[in-house]
Amino acid sequence: DAGITQSPRHKVTETGTPVTLRCHQTENHRYMYWYRQDPGHGLRLIHYSYGVKDTDKGEVSDGYSVSRSKTEDFLLTLESATSSQTSVYFCATTAGYGYTFGSGTRLTVV
Amino acid sequence: TQLLEQSPQFLSIQEGENLTVYCNSSSVFSSLQWYRQEPGEGPVLLVTVVTGGEVKKLKRLTFQFGDARKDSSLHITAAQPGDTGLYLCAGETPGTYKYIFGTGTRLKVLA
Numbered sequence: 048d049a050g051i052t053q054s055p056r057h058k059v060t061e062t063g064t065p066v067t068l069r070c071h072q073t074e075n076h077r078y079m080y081w082y083r084q085d086p087g088h089g090l091r092l093i094h095y096s097y098g099v100k101d102t103d104k105g106e107v108s109d110g111y112s113v114s115r116s117k118t119e120d121f122l123l124t125l126e127s128a129t130s131s132q133t134s135v136y137f138c139a140t141t142a143g144y145g146y147t148f149g150s151g152t153r154l155t156v157v
Numbered sequence: 362t363q364l365l366e367q368s369p370q371f372l373s374i375q376e377g378e379n380l381t382v383y384c385n386s387s388s389v390f391s392s393l394q395w396y397r398q399e400p401g402e403g404p405v406l407l408v409t410v411v412t413g414g415e416v417k418k419l420k421r422l423t424f425q426f427g428d429a430r431k432d433s434s435l436h437i438t439a440a441q442p443g444d445t446g447l448y449l450c451a452g453e454t455p456g457t458y459k460y461i462f463g464t465g466t467r468l469k470v471l472a
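Line by line, the protein sequences give chains A and B. When we follow our numbering, the leftmost residue of the first sequence carries the number 48, and every step to the right adds one. When we follow our numbering, the leftmost residue of the second sequence carries the number 362, and every step to the right adds one.
In short, the hints are calculated from the structure, not lab data. Note that the Cβ used here is the ideal one computed from N, Cα and C, for glycine as well. Please note: incorrect hints may appear among the correct ones.
[Stated by the list, open to error] Chain B is nowhere near these chain A residues, computed Cβ spacing over 10 Å in every case:
(1) Val59
(2) Glu61
(3) Thr62
(4) Glu74
(5) Leu90
(6) Val99
(7) Thr102
(8) Tyr111
(9) Ser112
(10) Thr118
(11) Leu122
(12) Leu125
(13) Thr141
(14) Thr147
[Claimed, not checked] Here are some, though not all, of the chain B residues that point toward chain A, as calculated from beta-carbon distances under 10 Å:
(15) Phe371
(16) Tyr383
(17) Ser392
(18) Glu402
(19) Pro404
(20) Val405
(21) Thr409
(22) Val411
(23) Gly413
(24) Gly414
(25) Glu453
(26) Ile461
(27) Gly463
(28) Thr464
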């Protein structure tokens with residue numbers, strides 16, 4: 048969806064390094080989310096934001112932090128990457144009644 | 362913890378066949394969505410159902426929300442190879458804008 052851009056699309060990083068994933072939206076939606084998708088687990092919520100500087104934890108937030116300084120940008124940081132954080136990460140926004148997703152970031156931690 | 366169980370997990374059918382995918386929970390949702398995801402892309406919203414008992418049709422796809430708003434089904438009539446993909450249901454926790462996702466049904470339609 049052209050309204051949500053995730054960067055980078057692919058990244059390989061080493062264990063122990065910090066990593067930041069970016070989500071940029073042009074939808075002007077108040078709510079933004081970070082999910083990870085893993086085989087056998089489906090999509091799991093990491094963190095979400097309900098406004099600028101307003102964020103909260105999801106079900107798998109350990110090892111992750113987020114920041115939202117502008118409506119259009121939502122950053123996800125892996126403070127010290129571990130192999131268990133190898134996954135596909137999706138950003139999503141909503142104005143109610145369903146999400147619009149970005150195309151995802153495939154992150155590999157080696 | 363709210364859970365959404367989808368069945369079947371995998372489905373391989375011939376073009377022209379009908380199929381139904383189920384999404385079940387013990388929790389009540391304020392709305393329920395169905396998405397389709399193709400490899401390398403994010404899920405794309407197909408439909409949102411809000412009212413218990415609601416039925417929505419999208420061409421050959423029929424979506425139903427259970428009367429108690431705990432379950433839903435997706436029925437595809439005369440499946441086509443273009444219907445191939447991962448189908449996900451997601452329920453909205455009442456009073457929030459957070460959605461719980463099912464683990465998905467991977468559909469393959471053979472020509």
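> Is the Cβ of Tyr111(A) farther than 10 Å from every Cβ of chain B?
Replying inline: 16 Å, holds
Take the shortest C-beta to C-beta distance between Phe371(B) and chain A; is it under 10 Å?
Violated - the Cβ of Phe371(B) stays beyond 10 Å from chain A, reaching only about 12 Å at its closest.
* To do: Mind checking the CB of Val405(B) against every CB in chain A and telling me if the closest is under 10 Å?
  => Nearest chain A Cβ about 7 Å off; hint holds.
Q. Would you say Thr141(A) is clear of chain B, with no C-beta pair closer than or equal to 10 Å?
A. 6 Å, violated
message: Next item in the hint list is Thr409(B). Is there a CB on chain A closer than 10 Å to its CB?
response: 4 Å, holds
Restraint satisfaction for Gly414(B) [CB to CB of chain A, less than 10 Å]:
18 Å, violated
Beyond 10 Å from every Cβ of chain B: is that where the Cβ of Val99(A) lies? It holds; Val99(A) is separated from chain B by about 16 Å at its closest Cβ, greater than 10 Å.
Exercise. For Glu61(A), which was marked as not at the interface, is the minimum beta-carbon distance to chain B over 10 Å?
Worked result: Correct as stated: the minimum Cβ-Cβ distance to chain B is 24 Å, above 10 Å.
Practice prompt. Run the C-beta distances from Leu122(A) to all of chain B and say if the shortest one exceeds 10 Å.
Written response: With a cut-off of 10 Å, Leu122(A) remains clear of chain B, as the shortest Cβ separation is near 18 Å.
Handout entry: Tyr383(B) as chain A interface residue, shortest Cβ-Cβ below 10 Å
Key = 15 Å, violated
Beyond 10 Å from every chain B Cβ: check whether that's true for Thr118(A). 15 Å, holds
*Find the nearest Cβ of chain B to the Cβ of Glu74(A) and say whether that gap is larger than 10 Å.*
13 Å, holds
Violated hints for the displayed structure, listed by number in ascending order: 5, 13, 14, 15, 16, 23, 24.
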